[in-house]
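Protein chains in written order, with numbering that gives the first Met the number 0: chain A, 0 to 258; chain B, 0 to 234; chain C, 0 to 291; chain D, 0 to 322.
For the record, the hints were derived by calculation from the structure and aren't laboratory data. Hints are supplied without guarantee of correctness; some may be wrong.
Claimed, not checked - Listed next, the in silico BS3-like pairs over lysine-lysine satisfying Cα-Cα at most 30 Å (straight line):
#1 A:Lys140 to A:Lys151
#2 B:Lys104 to C:Lys162
#3 B:Lys115 to C:Lys162
#4 B:Lys104 to C:Lys160
#5 B:Lys51 to A:Lys151
#6 B:Lys170 to A:Lys247
#7 A:Lys81 to A:Lys134
#8 B:Lys25 to B:Lys51
#9 B:Lys115 to C:Lys160
#10 D:Lys292 to D:Lys115
#11 B:Lys74 to C:Lys83
#12 C:Lys83 to B:Lys53
#13 C:Lys83 to B:Lys67
#14 B:Lys53 to A:Lys151
#15 C:Lys160 to B:Lys128
#16 C:Lys162 to B:Lys51
#17 A:Lys129 to A:Lys174
#18 A:Lys153 to B:Lys53
#19 B:Lys25 to B:Lys74
#20 A:Lys143 to B:Lys17
#21 B:Lys194 to B:Lys2
#22 D:Lys292 to A:Lys151
#23 C:Lys162 to B:Lys106
#24 A:Lys20 to A:Lys81
#25 C:Lys162 to B:Lys128
#26 B:Lys17 to A:Lys153
#27 D:Lys292 to A:Lys153
#28 D:Lys115 to A:Lys151
#29 B:Lys25 to B:Lys194
#30 A:Lys69 to A:Lys81
#31 D:Lys292 to B:Lys53
#32 A:Lys153 to C:Lys83
#33 A:Lys151 to B:Lys17
#34 D:Lys115 to A:Lys153
#35 C:Lys212 to C:Lys127
#36 B:Lys106 to C:Lys160
#37 B:Lys128 to A:Lys20
#38 B:Lys74 to C:Lys162
Note that the structure is predicted; figures quoted are calculated from it, not measured.
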Amino acid sequence: MTTNTPLLKADNVGIHFGGLKALSGVNIELNAGELVGLIGPNGAGKTTFFNLLTGVYEPTEGSIVLGNDKLNGLAPYQITRKGISRTFQNIRLFGELSVLDNVKVAYHSLARHSIFSSIFRLPSHFSGEKEIEEKAIEFLKIFKLESFMYEKAKNLPYGQQRRLEIARALAAHPKLLLLDEPAAGMNPQETQELMNLIAFIRERFHLTILLIEHDMPLVMGVCERIYVLDHGQLIAHGTPEEIRNNPKVIEAYLGEEIS
Amino acid sequence: MLKVESIDVFYGNIQALKGVSLEVQKGEIVTLIGANGAGKSTLLKTISGLLKPKHGDILYEGQSIAGKAAQMIVKQGISHVPEGRRIFANMTVEENLELGAFLRKDKDGIRQDFEKVYHLFPRLHERRKQLAGTLSGGEQQMLAMGRALMARPRLLLLDEPSMGLAPLLVKTIFRIIEEINSFGTTILLVEQNAKMALSVAHRAYVIESGRVVLSGSAEELTASEQVKKAYLGGH
Amino acid sequence: MELIQQLVNGISLGSIYALIALGYTMVYGIVRLINFAHGDVFMVGAFVGFYAVTSLDLGFFPALLLAMIACALLGVFIERIAYKPLRNATRIAALITAIGVSLLIEYGTIYVRGAQPEAYPSTLLPAKSIEIFGVTISSQALLILCTSIVLMILLQLIVHKTKIGKAMRAVSYDAEAARLMGINVDNTISATFAIGSALAGAAGVIFGVYYIKIEPLMGIIPGLKAFIAAVLGGIGIIPGAMVGGLVLGVIESLVSGLGYSLWRDGVAFIVLILILIFRPSGLFGKNVKEKV
Amino acid sequence: MTAFKRINGFWLSIVLALVFFAVVQLLISGGMLNSFYINTLFFMAINIILAVSLHLIIGITGQFSIGHAGFLAVGAYASAIMTMKLQMPFALALLVGGVAAAVAGLLIGIPTLRLKGDYLAIATLGFGEIVRIILLNVEYVGGASGMTVTHLTTWPWVFFCLLMTIIVIANFTNSTHGRACISIREDEIAADSMGINTTYYKVTAFVIGSFFAGIAGGLYAHNFYIIQPTNFGFLKSFDILIFVVLGGLGSMSGAVIAAILLTVVSTFLQDYPETRMIIYSIVLILVMLYRPKGLLGTQELTSFFRLRRAVGGKQNDNKHTVA
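With the sequences and hints as input, model every part of the structure.
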């Protein structure tokens with residue numbers, strides 16, 4: 000499964016806001032095709048790490064490399080085009096846009112027709128738009144969202160919104176998909192469906208996935224490897240079994256007893 | 000003293016609490032443990048009036064307080080130390096404590112309580128003229144607790160007092176929680192740090208995705224495998 | 000000497016800006032709303048003062064007090080009717096409502112009393128001039144400056160020493176935590192509007208005494224300038240508004256002094272745009288990043 | 000749904016528009032419309048151009064600009080200089096007016112569009128005021144007394160510009176580029192993370208909007224005999240803003256309808272300017288309190304017809320072609 004060069008290499012990455020160190024010395028390597036979990040107590044810096052990977056923040060130390068490209072200092076949209084896309088902890092869909100249009104936005108970077116050709120409705124506009132539409136509909140079918148196609152995204156039920164957000168992220172053709180608490184707010188049945196979905200998209204798109212999740216059964220059940228963050232630092236790394244029995248992790252989660 | 004009767008709470012469309020019931024007896028420390036996002040903070044916020052339950056009722060000393068304005072609930076003797084401390088960083092330690100006593104008019108009582116809080120947290124006395132934002136994490140937690148005590152609550156709601164603190168400080172904080180309780184203040188404690196919480200509590204509830212899944216005495220739950228499972232998802 | 004003269008003029012003008020800017024900054028600090036109508040509250044204050052002096056034969060200080068009270072009530076009224084229902088609405092909706100309220104006050108005033116300007120009686124304050132090192136300072140200017148300074152000190156005392164002031168600071172820092180202290184957030188917000196509007200009312204009377212001519216649209220430009228002053232000092236920060244007001248007043252006077260008085264307004268807006276681009280948090284503010 | 004049908008719908012709208020144009024032209028040349036009606040019609044068209052151009056910036060891209068009169072002024076003065084000082088033809092003057100405003104839009108857009116919400120609003124307001132003050136102080140364009148301008152604006156020009164504005168902005172909106180702009184309005188961070196170059200699209204929308212405001216400025220200037228800086232104060236900006244807000248942020252047809260209605264209302268209240276402003280402001284406040292999304296929200300008029308057609312089979316595709 001593993002190849003010689005990792006797909007993503009975060010080398011000694013850290014960031015501080017003012018005097019506050021939010022993350023420091025984080026080393027994470029992801030190999031192509033892996034599904035890896037990132038866990039840790041509240042405020043450990045997990046989402047901050049995602050924000051560093053996607054260019055929302057720029058790391059103040061260390062480097063992030065995807066394939067052969069260094070990502071430090073790139074704008075979020077450039078990083079997306081290099082092959083990282085994400086979902087958000089609190090769903091961020093384009094609420095007033097239809098489900099179909101949400102996915103079409105993700106296909107935007109594939110569009111080759113210019114603003115000029117759209118304004119004057121040149122043939123390249125029609126062929127370009129048609130291609131995007133066909134691809135987007137195709138995509139929605141894969142995710143069984145085609146029956147909601149013309150519905151506004153904000154009107155979807157919660158579980159479907161999560162599904163759509165994942166679909167939209169995948170439509171941007173990532174090599175690496177970052178999922179930030181996809182199971183938050185879901186009931187056990189929805190969570191089960193989500194797990195199936197994750198397994199399915201991995202298979203289908205040959206993806207590498209990094210998953211932040213609080214739902215431990217989910218993380219332990221699907222991830223091959225797990226990184227644990229606490230207080231902005233990596234405290235452990237290993238298979239689910241190793242993590243479950245790692246005293247440092249147990250301490251971070253369960254705390255220490257009063258002696 | 001406090002009785003929560005099958006409340007449902009929603010954030011927009013998402014149901015955060017599903018028919019949660021629990022009881023706190025006078026003089027107890029009751030702890031509520033569970034993983035992140037299980038609904039613990041939501042429950043405290045609902046009790047203190049920051050959120051309104053859609054169904055169900057909350058009785059405090061026999062009276063319904065569900066859906067009342069937060070300031071009314073503070074007045075009735077419930078103080079809430081929120082998650083993340085939420086101190087007023089742009090004000091001095093002393094001003095923060097004064098705000099804790101915002102609704103009180105008894106000047107002498109307030110002065111006594113200042114003494115009490117400073118006695119409980121000598122650090123705060125040393126730094127009373129300092130801006131709260133310049134305190135360390137542990138001191139901020141102390142300030143948040145001291146501020147809540149200034150309202151002279153009969154019931155104190157504590158949300159994750161150990162969050163982000165070094166182990167040594169956590170111990171101090173928990174020792175102080177026991178001390179506060181020994182003066183007669185009833186405490187409802189929300190914690191991720193389950194072992195620590197169980198070591199000071201009389202009784203405990205385990206909450207999982209918005210539902211109470213387990214309850215019992217602290218000893219029972221300490222021995223329970225289910226608690227560990229709730230956190231780490233073992234089989 | 001000319002320079003110092005301009006400096007003195009600038010400080011007088013700046014203290015008026017500062018008084019208005021305080022209201023902007025306090026309201027913004029507590030409800031994150033640019034209260035566009037604030038400049039019009041200033042105008043109403045000028046008119047209340049004018050009628051108090053001419054119709055009721057009141058002296059300067061009683062007129063000042065009356066204008067402050069009237070404006071405080073107006074401010075609370077505006078907040079309860081127009082802004083409170085929008086507290087959870089989008090920022091754009093709130094901003095547009097504020098623009099609407101502003102227009103309504105301006106043209107409502109014209110509708111009621113006509114658009115014609117009025118002149119403050121020049122006899123309201125003793126008109127003597129003091130000469131210090133060749134700089135002429137009218138006793139009016141001095142009194143006005145003193146009044147402004149006293150009001151600002153008073154405000155500092157209210158904000159730092161009284162219960163309501165502490166509540167205001169608490170709510171503007173963290174409204175939810177303030178509720179947990181038992182603070183009634185709605186009342187605190189109303190109090191903020193009342194105090195801010197009272198200061199604008201005082202500024203209106205002072206403006207009338209100093210610049211004589213008042214008219215229903217007089218609030219627009221000083222209102223915008225005061226807003227610039229608030230942004231300059233770092234919006235939401237009370238000492239920032241004071242400093243911002245004074246700095247802006249001095250800059251404008253210097254520009255006029257250099258013979259570019261027609262560009263005065265332009266300079267203020269250029270200051271605004273430069274500040275927004277290079278230091279949007281203002282001279283005294285801290286940068287905050289949006290949470291993702 | 001197919002491209003063919005869309006092209007068809009497009010041509011149908013064009014034909015309808017041309018018929019309307021011809022009818023009005025006949026009425027005018029036949030002397031059946033008096034100058035009051037003609038003038039109102041011109042105003043209406045100019046206001047629609049302004050409303051639609053600002054709609055692209057605020058309604059579609061979500062960038063809260065309240066200094067639109069600044070671009071109107073740039074266009075008005077640039078085109079007036081072309082015709083009056085340089086004796087250029089009107090067509091070129093209009094184009095130069097548009098381009099000058101677009102350049103101004105680019106210059107002001109690049110630095111300020113990094114700002115968000117209120118801050119952007121205030122910066123654009125400041126920009127509008129700066130333009131006015133500059134005009135006030137430049138002797139070449141007459142300072143406070145303004146510039147005299149020949150009356151050159153005619154119905155064909157007005158109509159042609161209006162049609163162009165609507166076609167260009169509607170076509171832009173209904174493309175992947177327009178969707179990119181809407182995604183910025185809906186959630187800038189998510190748009191960014193979907194690979195949208197948000198800065199580029201914000202500036203582009205701003206420049207296109209400014210361009211048409213500049214065109215409107217050219218028409219506006221040559222519809223009068225004189226233009227003065229006072230015509231372009233921020234009350235003018237608010238007027239335009241009100242069209243967009245009342246119509247529904249995000250709805251082009253809403254902006255058009257609001258511009259038509261309010262032009263009629265202001266024409267009738269021409270002699271009672273205070274009453275007009277009072278009505279405006281009360282309506283504005285009430286709409287924000289009770290219908291914050293405006294008349295049509297983000298819906299288009301066409302989508303209502305489509306909904307009706309969709310009953311019993313085909314889904315409404317929510318597309319707004321030129322109507």
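Tested hints:
At roughly 17 Å between alpha-carbon atoms, A:Lys140 and A:Lys151 fall within 30 Å of each other, so this suggested pair holds. Of the pairs offered as hints, the one joining B:Lys104 and C:Lys162 holds, with about 11 Å between alpha carbons and a cut-off of 30 Å not exceeded. The hinted pair formed by B:Lys115 and C:Lys162 meets the criterion: a straight-line CA distance of about 22 Å does not exceed 30 Å. Pair hint B:Lys104 plus C:Lys160 holds up; C-alpha atoms about 16 Å apart against a cutoff of 30 Å.
Between the alpha carbons of B:Lys51 and A:Lys151 the distance comes to roughly 29 Å, so the proposed pair stays at or under 30 Å and holds. A C-alpha spacing of about 17 Å is found between B:Lys170 and A:Lys247, which places the hinted pair at or below 30 Å, so the restraint holds. Proposed proximity of A:Lys81 and A:Lys134 is supported: the alpha carbons are some 20 Å apart, at most 30 Å. Simply put, B:Lys25 and B:Lys51 have alpha-carbon atoms about 24 Å apart, close enough for the 30 Å limit, and the pair holds.
Straight-line distance between C-alpha atoms of B:Lys115 and C:Lys160 comes to about 23 Å, which keeps the hinted pair within the 30 Å bound. Of the pairs offered as hints, the one joining D:Lys292 and D:Lys115 holds, with about 20 Å between alpha carbons and a cut-off of 30 Å not exceeded. Proposed proximity of B:Lys74 and C:Lys83 is supported: the alpha carbons are some 25 Å apart, at most 30 Å. Under the criterion of a C-alpha separation no larger than 30 Å, the hint pairing C:Lys83 with B:Lys53 is consistent with the structure, at around 24 Å.
Proximity of C:Lys83 to B:Lys67 is assessed by CA-CA distance (about 20 Å); at most 30 Å being required, the pair is judged to hold. At roughly 27 Å between alpha-carbon atoms, B:Lys53 and A:Lys151 fall within 30 Å of each other, so this suggested pair holds. Proximity of C:Lys160 to B:Lys128 is assessed by CA-CA distance (about 14 Å); at most 30 Å being required, the pair is judged to hold. Straight-line distance between C-alpha atoms of C:Lys162 and B:Lys51 comes to about 28 Å, which keeps the hinted pair within the 30 Å bound.
For a cut-off of 30 Å, the pair hint linking A:Lys129 to A:Lys174 stands: about 25 Å separates their Cα positions. At most 30 Å may separate the alpha-carbon atoms for a hinted pair to count; A:Lys153 and B:Lys53 meet this at roughly 22 Å. Proximity of B:Lys25 to B:Lys74 is assessed by CA-CA distance (about 18 Å); at most 30 Å being required, the pair is judged to hold. A C-alpha spacing of about 29 Å is found between A:Lys143 and B:Lys17, which places the hinted pair at or below 30 Å, so the restraint holds.
As the CA atoms of B:Lys194 and B:Lys2 are separated by approximately 25 Å, the hinted pair is consistent with the 30 Å bound. Restraint check for D:Lys292 and A:Lys151: satisfied, since their Cα atoms lie roughly 16 Å apart, inside the 30 Å limit. Restraint check for C:Lys162 and B:Lys106: satisfied, since their Cα atoms lie roughly 13 Å apart, inside the 30 Å limit. Restraint check for A:Lys20 and A:Lys81: the C-alpha separation of about 28 Å stays at or below 30 Å, so the hint holds.
A C-alpha spacing of about 18 Å is found between C:Lys162 and B:Lys128, which places the hinted pair at or below 30 Å, so the restraint holds. A threshold of 30 Å between alpha carbons decides the hint, and for B:Lys17 with A:Lys153 the separation of about 24 Å falls inside it, so the pair holds. With a C-alpha separation of about 15 Å, the suggested pair D:Lys292 and A:Lys153 falls inside the 30 Å cut-off, and the hint holds. For the hint linking D:Lys115 to A:Lys151, the alpha-carbon distance of about 25 Å falls within 30 Å, and the restraint holds.
Under the criterion of a C-alpha separation no larger than 30 Å, the hint pairing B:Lys25 with B:Lys194 is consistent with the structure, at around 23 Å. A distance of roughly 10 Å separates the Cα atoms of A:Lys69 and A:Lys81; the hinted pair therefore holds under the 30 Å criterion. Only pairs whose Cα atoms come within 30 Å are accepted, and D:Lys292 paired with B:Lys53 is accepted, the gap being roughly 28 Å. Of the pairs offered as hints, the one joining A:Lys153 and C:Lys83 holds, with about 26 Å between alpha carbons and a cut-off of 30 Å not exceeded.
This hinted pair checks out: A:Lys151 and B:Lys17 have alpha carbons roughly 28 Å apart, not beyond 30 Å. Distance hint between D:Lys115 and A:Lys153 is fulfilled; the C-alpha atoms sit about 23 Å from each other, no more than 30 Å. Between C:Lys212 and C:Lys127, the direct Cα distance comes to roughly 20 Å. Compliance with the 30 Å bound is thereby established for this hinted pair. With a CA separation close to 16 Å, the supplied pair B:Lys106 and C:Lys160 stays within the 30 Å bound.
Restraint check: the Cα-Cα separation between B:Lys128 and A:Lys20 comes to about 26 Å, which is no more than 30 Å; the hinted pair holds. Distance restraint check for B:Lys74 and C:Lys162: the Cα-Cα separation of roughly 17 Å lies within the 30 Å cut-off, and the hinted pair is therefore satisfied.
In terms of the numbered hints stated before, the structure departs from none.
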